[in-house]
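Protein chains: 2
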Amino acid sequence: MSESSSNPRKRAPGRPSGDGGTREAILDAARSLFGERGFEGASLRAIAGEAGVDPAMIRHFFDDKEGLFAATIADRTAIPERMFAAFLGPRDDVGRRLANAYLDVWEDDETGPMVKAMVRTALTSPKSADLVRELIQGKVAESVGEDTDPELPLRIALVGTHLLGLATARYLIGIEPVTRIERDDLVEVIAPVLKRYLTEPLG
Amino acid sequence: MSESSSNPRKRAPGRPSGDGGTREAILDAARSLFGERGFEGASLRAIAGEAGVDPAMIRHFFDDKEGLFAATIADRTAIPERMFAAFLGPRDDVGRRLANAYLDVWEDDETGPMVKAMVRTALTSPKSADLVRELIQGKVAESVGEDTDPELPLRIALVGTHLLGLATARYLIGIEPVTRIERDDLVEVIAPVLKRYLTEPLG
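So the protein sequences, as listed, match chains B and F. Quick note: the first sequence, position 97, residue 97 per the UniProt record's numbering, numbers continuous. Quick note: the second sequence, position 33, residue 33 per the UniProt record's numbering, numbers continuous.
These are computed hints drawn from the structure, not numbers from a lab. Among these hints, one or two may not hold up.
The list that follows gives simulated cross-link-like pairs (lysine-lysine, DSBU-like), each with its CA atoms no further than 35 Å apart [said to hold, decoys possible]:
1) F:195 to B:127
2) F:116 to B:195
3) F:127 to F:116
4) B:127 to F:116
5) B:116 to F:127
6) B:195 to F:127
7) B:127 to B:116
8) F:127 to B:127
9) B:195 to B:116
10) B:195 to B:127
11) F:116 to B:116
12) F:195 to B:116
13) F:127 to F:195
14) F:195 to F:116
15) B:195 to F:195
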């Protein structure tokens with residue numbers, strides 16, 4: 001992209017210079033390009049070009065593409081916060097809140113493309129999926145208190161893999177019985193199971 | 001592969017000739033190559049070469065690669081039969097039987113590579129995933145009787161996406177809490193949920 005002055009995603013003029021500004025510019029560019037082209041399609045070179053930095057700066061801040069991707073999810077999308085917020089509130093309703101928060105993330109114009117890019121790449125680049133899982137698990141453990149429940153990582157993994165399988169079938173692959181059901185009905189069907197995995201004795 | 005005489009996967013000498021034999025030879029070759037190279041990696045040309053037939057014969061019998069893949073799962077693996085058998089027997093124990101049958105399919109040397117190839121390709125080629133789902137759903141409906149329960153397709157989809165998400169995390173991506181848990185414990189944890197989705201009122 002040579003005409004950077006006409007590029008709407010160009011670094012905002014008021015952005016602070018120095019390391020902080022560079023990191024922010026890289027994350028802005030990464031969010032645009034991962035969202036548009038997916039994980040595989042967005043090259044580090046293209047992201048660096050979009051951010052107006054040398055590709056070496058990406059490695060300096062984020063190690064590799066997986067690290068950049070996880071940081072983009074963390075810092076440039078509302079995904080972790082929205083999932084985290086669903087855990088707060090009355091336990092009785094946690095399954096419904098979680099199902100709604102997760103389906104919202106998939107349906108939202110801002111977060112949907114990122115979460116789709118994440119799933120499409122999980123199989124070819126498990127590292128990025130694991131980084132994101134650690135991120136969400138860390139945020140949840142912070143609030144729920146992992147010390148008090150050694151099964152929390154398994155509980156979150158059960159809920160996470162269940163939701164992921166469903167959303168992939170509904171929004172990405174298009175498995176007919178899962179696409180046909182009304183969203184509110186789907187929430188009612190899965191909420192008791194999510195609540196069970198999160199709050200009741202396992203096994 | 002020019003030295004077909006030294007190829008251990010060559011069509012067995014006693015195989016009947018004619019259309020039936022050609023179809024069988026293609027399926028044998030497809031099973032080998034899909035299992036070894038995955039869906040993307042196994043080209044129709046390579047499968048045709050392995051089977052000693054013209055690539056046009058594959059299109060004649062199976063339309064396209066997705067059709068060949070679904071037919072290979074159906075005719076050259078025990079996957080549909082083993083999943084189907086798990087639905088038979090006391091309802092009380094259907095969750096445990098299904099979980100065990102599914103995890104067996106992933107752990108088995110014969111079926112594991114095929115099911116992994118299936119998952120890896122589901123996101124890039126949803127058609128093959130859907131063909132396989134239809135196949136299994138059809139087999140289940142045959143026995144359980146879809147007429148008596150209009151929710152059966154949704155029930156199977158809920159169970160299928162849940163199991164798929166878990167197995168992907170355990171065997172393909174390696175999500176830590178799901179890989180660390182003993183298999184018998186995992187079965188105990190998910191069996192009540194599978195039973196619920198299959199046999200209890202939804203929602």
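Quiz prompt | 35 Å limit on alpha-carbon distance, applied to hinted pair residue 127 of chain F and residue 116 of chain F | solution = 16 Å, holds
Self-check item: Satisfaction of hint between residue 127 of chain B and residue 195 of chain F, Cα-Cα up to 35 Å
Solution: 33 Å, holds
Quiz item: Straight-line Cα separation of residue 116 of chain F and residue 116 of chain B no greater than 35 Å?
Solution: 20 Å, holds
Self-check item: Hinted pair residue 127 of chain F and residue 195 of chain F, Cα distance within 35 Å
Solution: Holds: residue 127 of chain F and residue 195 of chain F sit about 28 Å apart, inside 35 Å.
Quiz item: Does the structure keep residue 195 of chain B and residue 116 of chain B at a Cα separation of 35 Å or less?
Solution: It holds: about 25 Å lies between the C-alpha atoms, which stays within 35 Å.
Quiz item: Would the pair residue 195 of chain B and residue 195 of chain F pass a check requiring their Cα atoms to be no farther apart than 35 Å?
Solution: 16 Å, holds
Exercise. Sort out whether residue 116 of chain F lies within 35 Å of residue 195 of chain F, counting only the CA atoms.
Key: 25 Å, holds
Quiz item: Does residue 127 of chain F pair with residue 127 of chain B here, judged by a C-alpha cut-off of 35 Å?
Solution: 27 Å, holds
Self-check item: Restraint check for residue 195 of chain F with residue 116 of chain B, where alpha carbons must lie at most 35 Å apart
Solution: This hinted pair holds, its Cα atoms lying about 30 Å apart.
Exercise. Verify the proposed pairing of residue 195 of chain B with residue 127 of chain B, using a straight-line Cα cut of 35 Å.
Key: 28 Å, holds
Quiz item: residue 195 of chain B and residue 127 of chain F: Cα distance at most 35 Å?
Solution: 33 Å, holds
Quiz item: Is the straight-line distance between the alpha-carbon of residue 116 of chain B and that of residue 127 of chain F 35 Å or less?
Solution: 18 Å, holds
Checked against the numbered hints given earlier, this structure breaks none of them.
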